[in-house]
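The listed protein sequences correspond, in order, to chains A and B. Going by the numbering used here, the first sequence opens with residue 310, and the numbers climb by one from there. Going by the numbering used here, the second sequence opens with residue 10, and the numbers climb by one from there.
To be clear, the hints were calculated from the coordinates, so they are not data collected in a lab. Beta carbons are placed, not taken as given, at the ideal position from N, Cα and C, and that holds for glycine. There may be inaccurate statements among the hints.
[Said to hold, decoys possible] Footprint (simulated), chain B over chain A, 3 or more residues, beta carbon under 8 Å:
#	segment
1	462-475
2	561-574
3	583-591
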Amino acid sequence: MTAAVVRRLLQAVMVMFAMTVIVFIAINVIGDPVDILISPDADQIERARVVQALGLDLPLWQQYLRFLWAALHGDLGESYVYNEPAIRVILQRLPATLELAISAILIAIVVGVPLGLYAGLRPDGILSRVIMTVSILGFSLPTFWVGLVLIMFFGVQLGWLPSGGRGQTAELFGVQWAFLTKDGLAHLILPAVNLALFDACLILRLTRAGVAEVLPLDFIKFARAKGLRETRVIGVHVSKNIMIPVVTIIGLEFGSIVAFSVVTESVFSWPGMGKLIIDSINVLDRPIITAYLMAIVAFFVMINLVVDLTYTALDPRVRLQGEGP
Amino acid sequence: MSVDTLPPPMPTEAEKGEEAPFRVLVRAFFRSPAAIVGFVLLTAIIGLALLAPFLAPQNPYDLNQLDIMDSRLPPGSQSMTGMIFWLGTDDQGRDMLSGIIYGLRISLGVGVSSALFAALFGASLGLLAAYVGGRTETAIMRIVDLQLSFPSILVALMILAFIGKGILNVVLALVIVEWATYARAARGTALVERRKEYMEAAESLAIPRWRILFVHLLPNCLPPLIVIATVQVARAISLEATLSFLGLGVPITEPSLGLLVANGYQYMLSGMTWISFYPGVALLITVVAINLVGDRLRDVLNPRGRE
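Produce the entire structure from the sequences given, and follow the hints as far as they go.
Written out as structure tokens, the structure reads:
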């Protein structure tokens, strides 16, 4: 077990290392940052000064070593736009993204699990069929368009909810959060619902499939034969057994929700990491792009590591292998 | 019989039976009402996209046909020349209906071509992995696993951030995003297939490897790949729309449905909802139609799922 964990950790480090190479090479292909930084009528001396200050005149491998060395010290360059360390700019936006992602996951669970239970328990009911059809639609709908329709309906036509920005924030643990104020909460609802839609449908379908699988089994029949109340059969015996895949998928989907927040944040002008990266790509703010990519890769490597290790700990049938799937 | 003329082990003996398997499949496919709806919609959409220049009321790229006076008219309005804009116009005075029909072309084109290239590339690597085994297999499947652990939108975003926008760049990004799915599926099927007797027969005849791979193994691995390809086309279209909406996809001169939605976004808050809404509806119908067909194909082509 220990050997497997160490091997898995090493592998994670290798992936991170490979990513620094890929990101570095790719980032050097994007374009010349000097063109953006200096005014068009700057002379050659000024230009040479900037190039030297950024280390862009060094050979590529030397630039890479500088980059790697700095990255290991948590320094991924200074944003051209904000004139602040890139990693700090990103960390400042992290709470907004986390807040949005966690709200979305919560909504997805609160909506998905009960509806899935219902559809699984009454597979032939009309309401179940409606739920399942809507869930297919939820899979097919592109996130950004759903966001627009939400804005159109609740923001413009009805005027119930604000459709952009984060609203008022309040401080907790030294960080600003929107969900602590009434205004911020109102701003949070639409983007969170938008982001939750896909995963709500996913959880719904998983729950339904789980219920359909567990219901005909002997231990359920036995529980009923014992004369247990239906609420207890469903609340304890059924839910316990369907929770394993649901909990797994929630863990796995968290990363994907953070990734998709790029779209939702852009639609709702939510000032998180996702909107930051899109803005930065558009103005070629290389340090921010680099820092974002490194941060998100680290984040995913971590999630995958945790999921893998949890699997091994929980299920002895899953054996970690050094090579080969 | 010489080695090279050996017929590929396809359905030959079944053709002489009661009914060709293809006909059976077609009949099974159309037994589902949802599949019929999907098929009809998809045919109509493909027809619209192919025949856009003949069917669209206006050519949205021809500046001679546009009039800035017609801009941002609500659906059903009449132009100065008497033409009716059934779905309204955008900020350039373009007929939205025509814009959508032309946009469909680009969306479908990008979706289909990326799925096709990804299938070609991914399935080849998957087959190779299953057939050759050893280090090659490990290396290929490692990359597949690694890539599939990242969400597709993120990978596409990274690639486009590096190579910039443009139709070909989007297709390239989508191919890179999608190939891993095909590789995994192809390897899975091929691992099962290669243990079968016809493969043993082919190998014992010393047929060249590439021929075994592509003529004998590939056709028998096709059914699951076809199902995946259908679903992947829908995913590709949706992903392309998302990327274009974010401003990283197709260029403004060749607007896909996603870009049309993005163009209308700024007018949304002032109540001019049609500019964004209808391209989105077209996108939705396309994706749903493809998914309906894909779902049914999966049921029909998967022997275990057959009633």
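inquiry  = Flag every earlier hint the structure violates by its number, smallest first.
reply    = Failing hints: none at all.
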